[in-house]
Amino acid sequence: MLSAVPRRIFHTFFRKPPAQRVTAKVPPYIRDQLDSNTDNEQPLPHDFRTVYPEFLPDPRPEWRNRLRERLERNDMLTRRSVVAIPEFYIGSIMAVTVGDRNASDKTNRFVGICISRGGTGLRAWFNLRNVIDHQGLEIMYEMYSPLIRNIEVLRLEKRLDEELLYLRDALPEYSTFPLDMEPELLPEGAPVPINDIKVKLKPRPWHERWERKNLQGVQDLGLPQRFYNKAKLHEKPWEKYDLMMEYRATIPEEEQADIFHEIAPHYQQLESSRRQSKRRLAQTSRY
Amino acid sequence: MERWGASMKEIERAISPPHEQKKSKPKEGLTGAKERWTEAMNVVPAILRAARCEGSRLHTSSSLRHIQKQTRLRVVDNSELGKSAMLEGRPPRCIHVYNKKGIGRTGDKVLVAIKGQKKQAILTGCHQDQFPLMPKFDSNNIVLVDENGSPLGTRIHVPIPTFLRKKLTEMSRPKGVDYTKILAIATRFV
Amino acid sequence: MNQAEIRKLIPALRVAMTPKKRRFSNPRGPEGRLFKMRTTVNELIKNERMEVNYNRADEARGYAERLISEAIRYGDCHRPTMELADFWLPEKQNVHKLFKVLVPRFKDSEISYTRVHKAPHVYPSTLFDKVVLELRGNPFPPLEKLTTKRNWIHNILLEEAHREYLEKKYKQEGEEEEEVQ
Amino acid sequence: MSLLSVTRSILYGGKNNLQKIEVINLLLQQNTSVLTGGTGGGATTRNMSRMKKTRPFWQPKSTRTLYPEELTPSNEAFGSEVISDQHTSSSTTSPLKCEPWPRGVWSEASMRCGVIARKIGVYPMWDNNGRRLLTTLLEVPDNEVVKYIPPEKLLEHTHPKKNNNTHTKEMAALVVGADPIDPRLVTKEYYGVFADSGLLPKKKLTKFLITPDAKLPPGTPLYASHYRPGQYVDVLGTTIDRGFQGVMKRWLFKGMPATHGVTKSHRRPGNIGSGGEKARVLPGQKMPGHMGNKKRILRGLKIWRVNTKYNVMWVQGPAIPGATGSYVYVYDSWYHHCRHTPDNPPPFPTFFQDEEEGVEEEMYHPDLHVFSKPSIAFNEK
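Chains as they are written, first to last, in the UniProt record's numbering: chain R, 1 to 287; chain W, 1 to 190; chain X, 1 to 181; chain C, 1 to 381.
Excised from the complex, chain R in its bound form:
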């Protein structure tokens, strides 16, 4: 009967299966056992993840560890109780004062627009950009570095894009801010305004191929059609349907709720300092 079986199938059936590398799977998330009085559990605020994005851990499973993340969050909260880190977004104009051994008065203040932000936990950072004396400048700050004396938000607003790195190739007036800029008024409880300014870029060459980045906050790039044709080839329209790619890049809702529950005792303090900084904005701009 064996002769009836095709030779290829016969061999594949009796051959040993290839040795596979079995990677450990990520088990489904199980919520932390909360305290007995679950009635006191506050719901997850809708803006928690946008205001405090660095409290969410890096979602890469190989680097996750619950205990380390908890210790890291404890350190972050401790640091925040010493120096208030205000709410800010990409596009907000900020002033940062740091201790600097080489500066004449041992502190250094820089004003600029936040063009990018990243990092989780104690590694969180942001980039400020300004043009001083017709010279474009960028400084990166680590949010939890003990050298930081003070962080002020002079104008709290968002932009249309998630990164403003194209300001490097924009005309300098779009990233010029006076160093003695006054904090601007924001009414109590008002939503964060979105600045829909359209930036004009310099002619090519650029730092990146901006026509491929689907930018909202720039004027017409004025490129020949072939650039857009090439950009079309590099588009990845299927990525928005890749549900698992999306999932692997996020922290699930239940886990965010647990993280929030863990820092909930300190949340009032965080929120009050956040509100205070907003009120201070309002007060200083009143006179």
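Heads up, a few of these hints could be off.
Derived DSS-like pairs (lysine-lysine); straight-line CA-CA distance at most 25 Å [what the hints assert, rightly or not]:
id, chain 1, residue 1, chain 2, residue 2
1, C, K249, W, K101
2, W, K101, R, K106
3, R, K240, X, K97
4, C, K207, C, K53
5, X, K118, R, K240
6, X, K21, C, K203
7, R, K213, X, K8
8, C, K207, C, K294
9, X, K118, R, K25
10, C, K254, W, K101
11, X, K20, X, K8
12, R, K158, X, K8
13, R, K25, C, K203
14, R, K236, X, K8
15, X, K21, R, K240
16, R, K240, X, K92
17, X, K46, R, K240
18, X, K21, R, K25
19, C, K249, C, K53
20, C, K203, C, K295
Some, not all, of what chain C presents toward chain R, calculated at C-beta under 7 Å [as the list claims (entries may be wrong)]:
id, residue
21, I120
22, G130
23, L137
24, W251
25, F253
26, F371
27, S372
28, P374
29, S375
Hints are computed from structural coordinates only; laboratory data are not their basis.
Ideal placement from N, C-alpha and C gives every residue a C-beta, glycine not left out.
Here the structure of chain R is known, so what remains is to put chains W, X and C in place on it, guided by the hints.
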């Protein structure tokens, strides 16, 4: 490019090195265009560099934006040599970096070729990515110095990093070169 | 990856997943990989039970789970969800099935929406592990035998041992209490 | 539990063959379903290796093949109850089964026990000058001394020809375990190792060489406070397994150009030697091969901070071998300039955290910036 009143060919000829210019005699009327061009260069040097790269279809800087040999730099002091080189649209090139890596960082000394001369200079700002709290500049800035470390100009018209205070003091020798005079002619620190 | 994606709030998957995606070879690249997944997800929603290779099933399972949870969360009046369903279910009657049949079925579910069973190699066959992938609550007869294990000899003996153990334990505790009094 | 053994004897060694066959038939009937529940697994094991593993005398084989026991939930609970009764009741009364041993006094020749730690991640700290440090967090998970091996016993089992420490110097050993495990999952022999000390079996077991004055009774817990901030340690770990790799990844070779007439050699090593006298491949030639999964030791790492509540220590550097979540062994540093001095002796034989009162939750190195302190201010000079 028409808005500057010069065609692409003219511009290329204007900014090409002198020995190439000798081969083809410049036509009449080019001098006017060249002047207009240098004027434009004075206003927006970045646009000129952009136009040049677009014209030659060649990117000479690496993606890491290292300062190494052949990197073009920008003179930010008011020395006659530096000013005229920048105005002519012939920015100096780095021909040596005085450190062991061959990659210049803020505060390093470099040797530059500027208008047919060799001059030493100090890097006062770099375009490549920097460590936290160290400013990253939009251009690679240098200040020309002589053998004793004294700057050729009398003023620096862009900000320089405070880190230079420490670095230049360390580089100076008690009875030798003294680079700290650069700090004295700076207008602003960041 | 240096920061978690914060644009969207996604509920947790109820099944284990691999830390990285599997790269199924496909001449159409990553897009073709998704089309492969789409075939499996579409068939699963349509037939509710299917036999596939383990790797394919395990990868497609996550997509099916996510699709159903999105449908439950946002319903059929939400444009992005409808676009998702439109992409993932090329046979349009399955879109109706997703929103009209599966959403009510899984609305109050606390566990995963899909199951995977190991399947046998049937001679002649390939080397790959075969599994049966199914939606929970499907109309077919169950695959595992629902027999009680209580009457098995070792369970009966262990139960008896448990009773004896507890008796002994309570007696000892009572004696100790008496001693204390 | 005796009845379980009765069942086993019926099944595997009983005298009544008829009864045995009946039971087996019953089991077979119940278990004939081809499709089993749960997730399918693609796990296949390599059985090509001909290398025989010889186990050290203090560490018998720990794992066994698990098969579905088909127990009812109440019987499962009964098993757990027996285990908890056996282990927790004794530990509430006294952690040690034996009388406390006399504690040795530290001298410069002493060698202390180490600990088993788990690498749980890397994050930055800053020192008092604002300089950023990357530190690796090592958790010390439920470390307990399992066994003390006296010098004469150790000498019996060491190879007489090998010139190791046990022959030149009087050395003893402590077997230390970390992370308790369900006793139902391990072999009887492995369970027997822990039976004397009354401990639950441990997931990870290792032996630390010590001098006899550093001996500890079985059952003694070891904490992260065994080390102090400012002390230097050596950390031994197993590097991440990267499988078979080419020379560019394994040895950081440069490869060959992408173009200019190069075909099919873009990532190859090129020449591996010359002819003439040495017309052979010299030993140690860097070639493609298996990369990673090797024991590597990183020495002289400073400890910056210790948390006594969660048993975590912050160790200098991001390069401790192994992936996040892997076990590493931590020893007192072997470097001469990193050793303890009489002015600054270590807690010896270990730090008895349970006996001390008022142990600080966090211990910091004086040079480290503490997050609760205000921002760093540089004074005018």
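How the hints compare with the structure:
no.: 1; hint: K249(C) with K101(W); result: holds (24 Å)
no.: 2; hint: K101(W) with K106(R); result: violated (31 Å)
no.: 3; hint: K240(R) with K97(X); result: holds (23 Å)
no.: 4; hint: K207(C) with K53(C); result: holds (17 Å)
no.: 5; hint: K118(X) with K240(R); result: violated (32 Å)
no.: 6; hint: K21(X) with K203(C); result: violated (30 Å)
no.: 7; hint: K213(R) with K8(X); result: holds (20 Å)
no.: 8; hint: K207(C) with K294(C); result: holds (18 Å)
no.: 9; hint: K118(X) with K25(R); result: holds (17 Å)
no.: 10; hint: K254(C) with K101(W); result: holds (18 Å)
no.: 11; hint: K20(X) with K8(X); result: holds (20 Å)
no.: 12; hint: K158(R) with K8(X); result: holds (18 Å)
no.: 13; hint: K25(R) with K203(C); result: holds (20 Å)
no.: 14; hint: K236(R) with K8(X); result: holds (19 Å)
no.: 15; hint: K21(X) with K240(R); result: holds (16 Å)
no.: 16; hint: K240(R) with K92(X); result: holds (20 Å)
no.: 17; hint: K46(X) with K240(R); result: holds (23 Å)
no.: 18; hint: K21(X) with K25(R); result: holds (11 Å)
no.: 19; hint: K249(C) with K53(C); result: violated (30 Å)
no.: 20; hint: K203(C) with K295(C); result: holds (19 Å)
no.: 21; hint: I120; result: holds (4 Å)
no.: 22; hint: G130; result: holds (4 Å)
no.: 23; hint: L137; result: holds (5 Å)
no.: 24; hint: W251; result: violated (22 Å)
no.: 25; hint: F253; result: violated (24 Å)
no.: 26; hint: F371; result: holds (4 Å)
no.: 27; hint: S372; result: holds (5 Å)
no.: 28; hint: P374; result: holds (6 Å)
no.: 29; hint: S375; result: holds (5 Å)
The structure does not agree with the numbered hints 2, 5, 6, 19, 24 and 25 stated previously, though it agrees with the rest.
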